[in-house]
Amino acid sequence: MSLPAELPFPAERRAISVGDLTRRIKKLLEDNIRYVWVAGEISNFRPAASGHCYFTLKDEEAQIGCALWKPIAARLRFRPEDGMDVLAWGRVEVYAPHGKYQLIIEDLEPRGAGALAIRFEQLKAKLEAEGLFDAGRKRALPLLPRAIGIVTSPVGAALQDMLRTLTSRCPTVPIYFYPVKVQGEGAAEEIAAAIGHLNLAMPDLDVLIVGRGGGSIEDLWAFNEEVVARAIHASRIPIVSAVGHETDFTIADFTADIRALTPTDAAMKVVPKRAELIEMLDRCGAQLRRALESRAELARSILDGHRNGHALREPQAVVRRLAQRLDELHERLSVALGGAVAAARERLAHWWRTASNELAHAGRATRERAESLRRHLQAVSPLAVLNRGYSITRAEDGGVIRSTSAVKPGQFLRTTLADGEIRSRVEEREKK
Amino acid sequence: MNSDRTPPKKARFEDYLKQVEETVKALESGKLGLEESLERFQAGKIALDECYRILQEAEKKIQILVKDKDGTLNAAAYEAPNAETRSARRKAESL
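Which chain is which? The protein sequence lines are L and X, in order. Residue numbering for the first sequence follows this note's numbering, starting at 1 and increasing by one per position. Residue numbering for the second sequence follows this note's numbering, starting at 1001 and increasing by one per position.
If you are wondering where the hints come from, they were derived from the structure by calculation, not from laboratory data. No false leads were slipped in.
Simulated pairs of lysine-lysine, DSSO-like, Cα-Cα distance not exceeding 30 Å:
hint	chain 1	residue 1	chain 2	residue 2
1	L	LYS181	X	LYS1067
2	L	LYS269	X	LYS1025
3	L	LYS26	L	LYS100
No experiment lies behind these values; they were computed from the predicted model shown.
Just chain L, same shape as in the assembly (with noise of 0.2 Å):
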């Protein structure tokens, strides 16, 4: 086979080296194509043992390789994957060692309406793993916080249905509002900052809400930043999150310990009525002195039935073991005492006859006496009780004296009644 006479072979053959050629090739596209958006399709997805990632781009017509450096992919807000729709920005280089060109990628997003919603996931998957979302994480909010924080924007309804839900539920909780913009660039930063400047600077803050009202996917989206959910994650201050309508579901949301429906929600959640505190405060008091009141209620049908020799309330033994034990120790005293105390024994006399007095009297008017009792509650002391007929025996240190046998004979004692002090000593003690 010949070749055609007319192919244009130069009269000298003047070779260049593949070198040459390659740097020429490397010239004209390095310098011609510079930065460009590239649209296509990722596959053959590697990601190297040194962080570089290799993958190709694709459409139906042609495919080029890429290379995406560690340092780019580790800032990407995605993770890349075979068959994802992407636009590559980057830049054409030659690799002469193969002979090959290939597009060294700057920057890499996903394309189309499944966009954000691959960003979502990817993130929602990522900080679940690693354990942002667990429930144990999450803190119950105080009956009634000491303060409350509101990061949100200045503007729009959301931070007004706040204010106006907050204060007419309860006014005296103080509010702190700092305001950072919401949406567009650089908003994930700014809420991420208040919620770290307000943990450090406002250490009686009990509850943070965090939220703005309600928007396009693309206006709630700082919502959906790692560095929101971050700083979220990080927060001493429990966080309400509170962003858009019932609907939407952000990270925020899923990193907070308490989301709410919507911002008007949110601070229903974060503070009770005050009216309906104090009614339950009512119902706790009235509790608190029911419950006094039949202790007293127990001790005086005790000394009603000592008094009467009938067991009213409590079983007829219990009552003669307490007659029995006040006997003893009136005679005991008597005999115990010296002559520099013979005053504290008359004193003693006078008050078992008062005190009998009082009850022989109160025997008969035990229904008004209960009445009675019941309105001087809240004044109750225990010098009133000392005159009803107790008295309070205590060993030397103050401990009171429950039994025999907490004191050993030759103690000393110090017995408190309605009007002083009597000081005696064991002479020795009977167990029954």
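Take the given structure of chain L and dock chain X to it, following the hints.
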């Protein structure tokens, strides 16, 4: 990690309320002596009064936090924009 997330301890409304509830429980148990019952009742009453005091404090002004040049937060009284200025702004934004 968890200790970093615990709010600082300082008596709050619910701490006082808890004291009241515990007092009621202790009194109702019937295990306390008369003298101790009275002491507990009085302590419970003080805690209850503290709860009322918190709820009866004066109404609080809303504060807006403003960051100054060196980054410290200053609180100032917050004035809600009234309906007119808000609708005016909305109008301005739509133009």
